[in-house]
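Every position in the sequence shown, counted from 1, becomes a number in our numbering once 1 is added.
No wet-lab data here; the hints were simulated from the structure.
Built from N, CA and C at the ideal position, the CB exists for glycine as well.
Any given hint might turn out to be false.
Computed beta-carbon distance windows for the label pairs [said to hold, decoys possible]:
#1 R95 x N197: 15 to 23 Å
#2 E66 x N197: 29 to 37 Å
#3 P147 x F81: 38 to 46 Å
30 Å max Cα-Cα, derived DSSO-like pairs, lysine-lysine [claimed, not checked]:
#4 K54 x K112
#5 K199 x K108
#6 K199 x K112
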Amino acid sequence: MKRLALFTLSPFFLFTFLALMPFASASAQKHNIIFTAPIRTDRGSVQMVFRMKEDTPFAAIGYEEYFRPAIPATTEGEIFVPDSVVGSDGQHRRICWVSRGSFQGCKRLTKIHLPFNISTISDLAFQGCDSLREVTLPDSLRIIYPQAFYGCFALRRINLRCSYPPLTYHEGTFENHSFNTATIVVPFGSVDNYRNDKTFSSFRYHAEHIPTFPKRQP
2 MKRLALFTLS PFFLFTFLAL MPFASASAQK HNIIFTAPIR TDRGSVQMVF RMKEDTPFAA
62 IGYEEYFRPA IPATTEGEIF VPDSVVGSDG QHRRICWVSR GSFQGCKRLT KIHLPFNIST
122 ISDLAFQGCD SLREVTLPDS LRIIYPQAFY GCFALRRINL RCSYPPLTYH EGTFENHSFN
182 TATIVVPFGS VDNYRNDKTF SSFRYHAEHI PTFPKRQP
């Protein structure tokens with residue numbers, strides 16, 4: 002395996018880089034377009050906030066802000082986030098990111114199904130969803146940031162569609178209480194991958210999706 006060469010930044014360059022970072026971030030935020038679209042729930046539908054950029058085919062759930070969820074905080078029951086939504090420009094956008102605090106404080110949610118394009122769940126995305134019992138995570142998921150499921154005391158089932166565990170930050174990704182009460186259900190044949198993972202090995206209960214096959218026609 003090739004090793005990357007290390008180099009030393011001059012103090013002047015480093016200072017300049019750090020000083021410009023806030024301006025670069027602010028400039029990037031200006032290109033985000035906020036729009037809403039209806040999503041399905043088991044009790045009707047609600048409006049969800051999304052962010053998009055005109056030059057990409059993707060969208061993200063939420064504002065990327067703490068304590069500002071993407072749906073009304075009083076939303077109840079089970080929600081189904083679609084794979085894509087129609088943006089403010091009339092074009093379909095694939096949903097690939099759950100932004101910071103997207104469902105923070107939504108205390109009446111019980112189940113959530115995320116779309117198959119999601120690659121990232123940001124920090125505190127579900128923090129304080131203390132009625133959330135079940136969540137389904139897609140096989141495209143690559144990383145879950147700190148405290149994404151912190152405070153989800155009711156969590157009992159986590160359906161993971163990826164054969165290998167997504168990257169997590171062990172401390173605080175999930176509420177410690179969940180390690181003893183929630184079952185993680187993983188693809189058939191991949192349970193050992195999760196039992197060997199630093200975070201997911203902490204769960205007491207592991208199960209596998211049992212594959213189903215169509216019945217043979219007579």
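Comparing the hints with the structure gives:
no.	hint	verdict
1	R95 x N197: 15 to 23 Å	violated (32 Å)
2	E66 x N197: 29 to 37 Å	holds (36 Å)
3	P147 x F81: 38 to 46 Å	violated (26 Å)
4	K54 x K112	holds (29 Å)
5	K199 x K108	holds (29 Å)
6	K199 x K112	holds (25 Å)
In summary, the numbered hints that this structure violates are 1, 3.
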